[in-house]
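J.: Just so we're aligned: 42 in full-length UniProt numbering is position 42 of the sequence shown, and the numbers increase by one with no gaps anywhere.
These are calculated hints, taken from the structure and not from any lab test. The reader is advised that the hints may include incorrect statements.
Once the Cα atoms are required to be at most 30 Å apart in a straight line, the calculated DSSO-like pairs of lysine-lysine come out as [claimed, not checked]: (1) Lys4 / Lys53; (2) Lys53 / Lys30; (3) Lys30 / Lys4; (4) Lys53 / Lys6; (5) Lys6 / Lys30.
Quick list of the computed label-pair ranges, beta carbon to beta carbon [what the hints assert, rightly or not]: (6) Tyr39 / Ser14: 16 to 22 Å; (7) Ala11 / Asp41: 15 to 21 Å; (8) Tyr37 / Val1: 23 to 29 Å; (9) Pro26 / Lys4: 16 to 22 Å; (10) Val1 / Ile29: 17 to 23 Å; (11) Cys27 / Lys6: 26 to 32 Å; (12) Asp7 / Lys30: 14 to 20 Å; (13) Ser38 / Asp7: 25 to 31 Å; (14) Lys6 / Ser33: 16 to 22 Å; (15) Lys53 / Cys27: 16 to 22 Å.
Virtual Cβ for every residue (Gly too), placed ideally from N, Cα, C.
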Amino acid sequence: VVYKNKDVGAAVASGSFLTRGMVVVPCTIKSLSGIAYSYADNLITRAADVTLK
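Hey, can you work out the whole structure from these sequences and the hints?
T.: What follows is the structure, encoded as structure tokens:
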């Protein structure tokens, strides 16, 4: 399944989507900062934020 980066309503961005973890590769400084400070402006940072919770 492929999702668009701006689709923050995708299944992987939901707390009910079960994962065992997440790896962001490559990870830009902007993405790392967004994940660290819970600034979810796209699907990658939103999914990472949900995975950390």
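J.: To test your reading of the hints: which numbers does this structure violate?
T.: When the structure is compared with the hints, numbers 10, 11 and 13 turn out to be violated.
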